[in-house]
Structure formats: structure tokens, C-alpha cells
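S.K.: One-letter residues, chain by chain:
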Amino acid sequence: MTLIRLDDVSLVFNVRRRGRISLKEYLLNGVFWRRRAETLTIQALEHIDLEVAEGERVGIVGANGAGKSALLKLLAGIYPPTRGRRQVFGQISSLFDIALGFEMDATGWENIAYRGYLQGETPASVQDKMQPIAEFSELGKFLDMPVRYYSSGMMVRLAFSIATAINPDILLVDEVLAAGDAAFQDKAYQRMRGLISRARAVILVSHDAVSLRRLCDRVLWLDHGRIRAAGAADEVIRAYLRQSAEDAGKKAA
Amino acid sequence: MLEYLRKVWKVRHFWITLVRNDLRNRYRRSIIGVGWSLLHPIAMTAVLCAVFARLLGADLATYAPYLLAGLVTWNFIVAVLNQGCQCFFVAESYIRQHPAPLAIYPLRTVLGAGIHFLIGLAVVLVFTWCLRGFGNLPALLALLPAVLLLLVVGCSLAVCMGVVNVLFQDSQHLIEILLQILFYATPIIYPAEMLRQRGLATLVAINPLAALLDLVREPIVSGRLPSLGSVGMSAAAAALAAAAAVGILWRFERRLIFYL
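Residue numbers (this note's numbering), protein chains in the order written: chain A, 1 to 253; chain B, 1 to 260.
Calculated directly from the structure, the hints in this document are not laboratory data. Careful, some of the hints might be misleading.
As the list claims (entries may be wrong) - Result set (DSS-like, lysine-lysine): computed pairs, CA atoms no more than 25 Å apart in a straight line:
{"hint": "1", "chain 1": "A", "residue 1": "LYS187", "chain 2": "A", "residue 2": "LYS129"}
{"hint": "2", "chain 1": "A", "residue 1": "LYS187", "chain 2": "A", "residue 2": "LYS141"}
{"hint": "3", "chain 1": "B", "residue 1": "LYS10", "chain 2": "A", "residue 2": "LYS129"}
{"hint": "4", "chain 1": "A", "residue 1": "LYS129", "chain 2": "B", "residue 2": "LYS7"}
Input sequences plus hints: build the corresponding full structure.
M.R.: Listed below in C-alpha cells is the structure:
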């Protein structure tokens with residue numbers, strides 16, 4: 001059963017070249033027939049066709065600025081497609097910015113609740129998850145302190161523990177494979193694997209080609225907003241890595 | 001429309017938490033806490049009573065509650081407009097990461113301002129009761145629909161201004177100036193009679209804010225139900241504002257993120 005379908009989807013951003021336009025500028029430009037503040041057209045995605053069926057795990061690779069995050073956000077429903085059609089049949093859980101929604105002056109416990117509500121939990125379901133999240137984060141007594149006083153490592157641990165305490169239907173992951181210090185990373189990676197195996201479909205963006213090869217069946221290679229290659233994880237990743245090495249070699253030469 | 005409201009209700013825990021956080025953060029390092037938001041109207045009332053009661057020859061027992069009720073309601077409208085302008089910028093990181101019906105961000109703003117308004121209203125009631133008692137207690141029940149109407153107007157204004165300010169940054173400054181002018185064009189400091197006597201009756205008649213303020217003031221100050229004119233005007237203003245808000249959301253919600 002198809003869970004995600006993108007039909008010839010394009011995403012275009014019109015960015016104002018000189019920052020935000022004021023009412024004054026808008027009126028003056030109209031009155032004096034001057035050119036409006038120039039806009040820069042950014043073709044973030046072009047002619048993207050994608051079908052993800054139940055049980056599939058799709059990885060996305062590409063250079064910086066290729067449009068990977070834009071594609072994920074479009075799938076999540078944050079950006080509407082400029083052209084084409086997006087169809088999603090299921091509930092989307094996204095792991096984008098795991099530190100989003102942190103209230104600096106609230107304690108660790110309170111933040112678990114706040115982040116939970118942001119993710120769509122109810123007070124009842126959040127209560128059930130508090131202990132398991134706390135145990136996973138290994139923060140112990142620190143959870144009673146306001147998050148403002150955490151070290152960045154502690155914050156990442158807490159953020160990751162909360163963000164991954166979900167039962168995803170369709171999972172979208174943007175570069176959050178593991179987090180935290182060396183000791184925590186292993187645990188975190190296992191947790192991600194568990195999450196990925198529980199989801200009905202997964203789309204994963206990462207620069208870590210090795211992990212992608214292990215976690216995904218299919219991989220998409222995005223280049224300047226277009227799909228350059230799509231197919232079995234091994235092949236596409238190999239081609240991508242080869243190309244990246246060539247580009248690096250050319251730059252060095 | 002109903003589907004949209006259902007979506008908003010579905011994420012209610014999220015925006016309720018946002019409102020709670022806003023209130024907590026605002027007064028976290030403060031001793032008096034919420035009391036600060038009351039100090040402004042109380043202080044203004046004290047000063048204006050001292051100065052104007054003499055000039056206007058108004059009876060303090062009527063003027064002080066009139067002034068305080070007017071100021072508390074006016075502050076609600078000002079807060080809704082000013083914070084409404086910023087509501088999408090303040091929530092930018094959420095909007096970029098987490099798809100949700102956009103109306104929850106103006107809603108969160110209005111609920112925060114609404115809570116301050118209700119506290120202020122409670123103070124006005126206590127103050128009036130201590131000063132002169134209430135002639136007609138049942139008339140106070142008219143305050144409930146008045147507050148509801150103000151909340152509807154507030155939400156609509158916040159939605160409209162929020163979107164407009166994203167499209168045109170200067171809107172916020174224009175609104176500030178407009179509010180300054182309206183403050184003197186609306187019977188807040190002076191009774192409406194004063195403006196009417198000086199041939200400015202039309203100004204009062206066409207001002208929807210005057211009508212909204214009357215809905216709150218009449219039951220408290222004179223123990224009467226607000227006039228039909230005020231009620232009609234307020235309801236019309238609310239309907240217009242709500243229609244504008246629905247229209248603006250329908251047109252701009254999907255693409256608003258491209259303008260942030």
C-alpha cells in the first residue's frame with residue numbers, strides 16, 4: 001500500500017534580495033513605477049516523483065543545498081508544493097530539530113511534558129512516557145533543574161530521548177541518527193534503529209553514508225533539486241561517494 | 001471551517017502549554033508578578049482622576065470605575081493588536097519545523113492577553129464594589145457575552161494583523177500610531193456625552209471600539225444593560241472582523257511560511 005506519493009513536485013522560493021519589504025517601499029514602488037525590490041528565485045526542488053510503499057525505508061543523499069531538507073519539509077506538510085501533487089496516507093512524525101520547544105526556565109521534567117504536547121501527546125500519554133524517557137536520558141537528579149543550566153551535551157541527550165519516544169507511523173528524519181557523547185551515541189543509534197524498524201515507512205536524510213547503507217533499502221540522490229539517481233541503497237551510495245571524491249579531488253587540484 | 005476548528009482543538013494541549021509558558025515566563029523573575037499588568041490602568045486611573053475629575057467636573061464615584069473599566073478593556077485591544085502583529089514571528093521556529101493550523105499562534109496571543117484582561121476586570125469589579133456598590137447586580141451578567149465578544153474580536157484582529165504584518169513589516173508601526181489617535185478619539189478618558197455635546201456625536205457613533213467599551217462599562221458603572229446601538233455595533237464589528245480573519249487565513253495560510 002502506498003503511503004507517500006509525490007507527482008512531479010516542484011518547490012520554488014522567491015526570496016527578496018534585500019531583506020523584508022516595508023509598506024513604504026511597496027507603495028513608493030507602485031507610485032513611481034519603479035521595479036519592486038528584486039526577488040531571487042530559488043528552485044529548491046524540480047520534477048520530483050516519489051512513491052513510498054508500506055515497509056520501505058528510503059534514504060536521501062546529496063550535497064549541501066541539494067534540497068534534502070526542503071524535500072523532507074515538503075513531505076511533512078510545512079511547505080506546500082509550487083507545482084505537482086503531494087499525497088500522504090498516514091500520520092507523519094518528524095525528527096527535524098530535536099531541540100525545538102525547549103523552555104529554558106523550566107525543569108527537565110516539565111520540558112519532557114512540553115515537548116510531548118508539541119508532538120501531539122495528551123497529559124495522560126505524557127505521564128506514561130516520563131519515566132522511560134528519564135531513564136533513557138540517564139540524567140537522574142539533573143531533571144529537577146531548569147534546562148538553562150544544562151551543558152549542551154545534557155540538552156542533546158534530553159532532546160534526543162524525548163524526540164525518539166514516539167510510535168511513528170511515517171517517520172521523517174533529518175540528520176538525527178545519533179547524538180550525544182561517545183557513551184550515549186551507541187545507545188542512541190540502537191534507539192534510532194528501533195524507531196525505524198517500528199515505523200511503517202521511513203525517509204531518512206543523512207550525510208553518514210555508512211549508516212544509510214545499513215538502515216535503508218532504497219536511496220535517492222538529490223542534486224540541485226533534482227533526482228540524479230534512485231535505486232538500491234548500495235549502488236546509489238557508491239555512485240554518490242565516488243562523485244563526491246571526484247569533486248573533492250577536482251577542488252584540491 | 002469546522003474541519004479547521006477541529007484541527008485546532010486536536011492540538012489544544014500544545015497551544016495551552018504555550019499560553020501557560022508565556023504567562024510564566026513573563027513574570028518568572030518578578031516579585032509582584034501579574035500585578036504589574038494591573039499597575040498601568042490603576043496608576044493611569046489614579047492620575048487621571050486627580051487631574052481630570054476637577055477639569056471635567058465629573059463625580060469621582062462614577063468617573064473612576066468608568067475610567068478603569070475603559071482602560072482595562074482598551075489595554076486588551078492594544079495588547080491583541082500589538083502582540084498579534086508579532087505572533088507569527090515569535091512562533092517562527094515552530095512554524096518551520098512543525099506543521100499545525102496557523103490560527104493557534106494568534107489564539108495563543110489572545111488567550112494570554114485575555115487572561116490579563118479578566119484579572120483586570122476582576123479588579124475593576126472589586127474596586128467598584130468597594131467604592132459605591134452595585135445598584136443592579138444581575139446587569140453584571142451582561143459582562144459574560146461582552147467578554148466572549150471581545151475575545152472573538154481579539155482573535156480575529158490578531159489573525160488579520162499577524163498575517164498583514166508578515167506581508168508588510170511596517171504595519172505594526174502604523175497600528176501603533178492609529179491606536180494613539182484612536183485613544184483620544186474614543187470616549188475612554190472623557191465620557192461620551194462630552195464628545196456629543198461638542199458636536200462630535202458622529203465620531204462616537206461610527207467608532208466600533210466605543211461600542212465595545214460600552215458593553216463592558218455600562219453594566220459596571222451604571223448598572224444598566226448596554227444600549228441596543230452598542231450591542232448592534234459590536235456584533236457587526238465582530239462579524240466583520242471574523243469574516244476578514246477567515247478570509248485572510250483561507251487565502252494566505254498555506255503560503256505564509258514563504259514570507260517569514
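S.K.: Compare the structure with each hint and give your call.
M.R.: Now for the hints, and whether the structure bears them out:
Distance restraint check for LYS187 (chain A) and LYS129 (chain A): the Cα-Cα separation of roughly 18 Å lies within the 25 Å cut-off, and the hinted pair is therefore satisfied. Between LYS187 (chain A) and LYS141 (chain A), the direct Cα distance comes to roughly 20 Å. Compliance with the 25 Å bound is thereby established for this hinted pair. Between LYS10 (chain B) and LYS129 (chain A) the CA atoms are separated by roughly 20 Å; this keeps the pair inside 25 Å, and the hint holds. Between the alpha carbons of LYS129 (chain A) and LYS7 (chain B) the distance comes to roughly 24 Å, so the proposed pair stays at or under 25 Å and holds.
Comparing the model with each numbered hint stated earlier shows that all of them hold.
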